[in-house]
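Heads up: the sequence lines are chains A and B, in that order. Heads up: the first sequence is residues 1 to 119, going by my numbering. Heads up: the second sequence is residues 1 to 141, going by my numbering.
Hints are computed from structural coordinates only; laboratory data are not their basis. Quick caveat: nothing in here was measured; it's all calculated off a predicted structure. One thing to keep in mind: the hints can contain errors.
What the hints assert, rightly or not - Negatives, chain A to chain B, calculated, CB over 10 Å: (1) 14; (2) 27; (3) 53; (4) 58; (5) 61; (6) 75; (7) 87; (8) 93; (9) 99; (10) 100.
Stated by the list, open to error - Derived list of chain A stretches under chain B, where covered just means 3 residues or more per stretch with a C-beta under 8 Å from a C-beta of chain B: (11) 3–10; (12) 16–24.
What the hints assert, rightly or not - Reference excerpt, derived from the structure (chain A facing chain B, CB under 7 Å, subset only): (13) 33; (14) 34; (15) 50; (16) 52.
We treat Cβ as the ideally placed atom computed from N, Cα and C, and that holds for glycine.
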Amino acid sequence: MKICEIQKLLNATLLCGEEALEHDVFSACCSDMMSDVLAYVKDQGVLITGLINPQVIRTASMMDMVCVVFVRSKAPTEEMIELAEACGIVLMKSDMRAYEACGHLYTSGLRGNAGKIHG
Amino acid sequence: MGEVLKFHFDVDGENFSSAGEASVVVKKKLRQLGFSPDIMRRVSIAMYEGEINMVIHADGGTADVTVDDNEITIVLKDRGPGIPDVSLAMQEGYSTACDNIRSLGFGAGMGLPNMKKYTDFMQIDSEVGVGTTVTMKIKLN
Chain A
1 MKICEIQKLL NATLLCGEEA LEHDVFSACC SDMMSDVLAY VKDQGVLITG LINPQVIRTA
61 SMMDMVCVVF VRSKAPTEEM IELAEACGIV LMKSDMRAYE ACGHLYTSGL RGNAGKIHG
Chain B
1 MGEVLKFHFD VDGENFSSAG EASVVVKKKL RQLGFSPDIM RRVSIAMYEG EINMVIHADG
61 GTADVTVDDN EITIVLKDRG PGIPDVSLAM QEGYSTACDN IRSLGFGAGM GLPNMKKYTD
121 FMQIDSEVGV GTTVTMKIKL N
């Protein structure tokens with residue numbers, strides 16, 4: 001799925017990373033616990049979260065993610081946007097709740113690696 | 001490569017926002033040196049988890065990264081409270097982090113097990129009241 005399709009499906013506002021909107025992503029994950037993202041996520045390109053602090057961007061960067069979607073109308077700080085720009089990560093925000101956002105993406109074909117836990 | 005590269009960082013324990021900056025720099029350096037995405041990811045995740053731990057539990061410390069032809073070594077040293085029971089701390093889900101840290105997205109008790117998972121060698125030397133040194137190695141061959 002192209003990142004621009006994610007933006008459309010979630011009716012999201014783009015915050016940075018316009019140049020990467022045509023890039024393809026193949027899976028996504030959703031969590032407000034960055035500890036769990038670091039422990040369980042593997043090869044997921046998109047992070048859906050309602051957590052706001054700079055460590056969200058650093059975690060995404062460490063995991064080689066290319067897009068972070070903030071749900072529940074949460075808006076990242078200017079510092080987070082600058083950090084994401086420096087890391088080449090697309091940021092967007094949506095009014096949807098996490099469950100709803102995941103449902104839209106999942107039913108449109110963006111899966112989460114078949115629910116495998118990489119422990 | 002031939003030569004041994006060394007990087008030193010002071011990890012600021014006062015500022016949660018800046019935690020992880022050293023790991024970002026190391027990942028960038030490894031990319032410039034041409035390491036594979038897998039090696040870059042393993043090194044940076046292990047170091048990032050360690051940095052977060054130092055900020056959460058130990059008021060900061062130092063991080064030293066050495067790159068040679070055979071392996072990448074990360075040494076994280078703090079003068080924090082120390083770990084009374086290392087084997088307990090290594091259990092997935094065990095955490096002494098406060099609720100405030102959980103509200104920031106960390107403190108799920110996955111940090112140390114994750115550091116072990118992503119590295120080929122990990123040793124924890126800790127003394128209560130003195131501090132903790134974590135040594136991790138990632139083999140390159």
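We went through each hint and held it up to the structure:
no. : hint  : result
1   : 14    : 23 Å, holds
2   : 27    : 16 Å, holds
3   : 53    : 6 Å, violated
4   : 58    : 4 Å, violated
5   : 61    : 7 Å, violated
6   : 75    : 17 Å, holds
7   : 87    : 8 Å, violated
8   : 93    : 17 Å, holds
9   : 99    : 18 Å, holds
10  : 100   : 21 Å, holds
11  : 3–10  : violated (count 0)
12  : 16–24 : violated (count 0)
13  : 33    : 5 Å, holds
14  : 34    : 4 Å, holds
15  : 50    : 10 Å, violated
16  : 52    : 10 Å, violated
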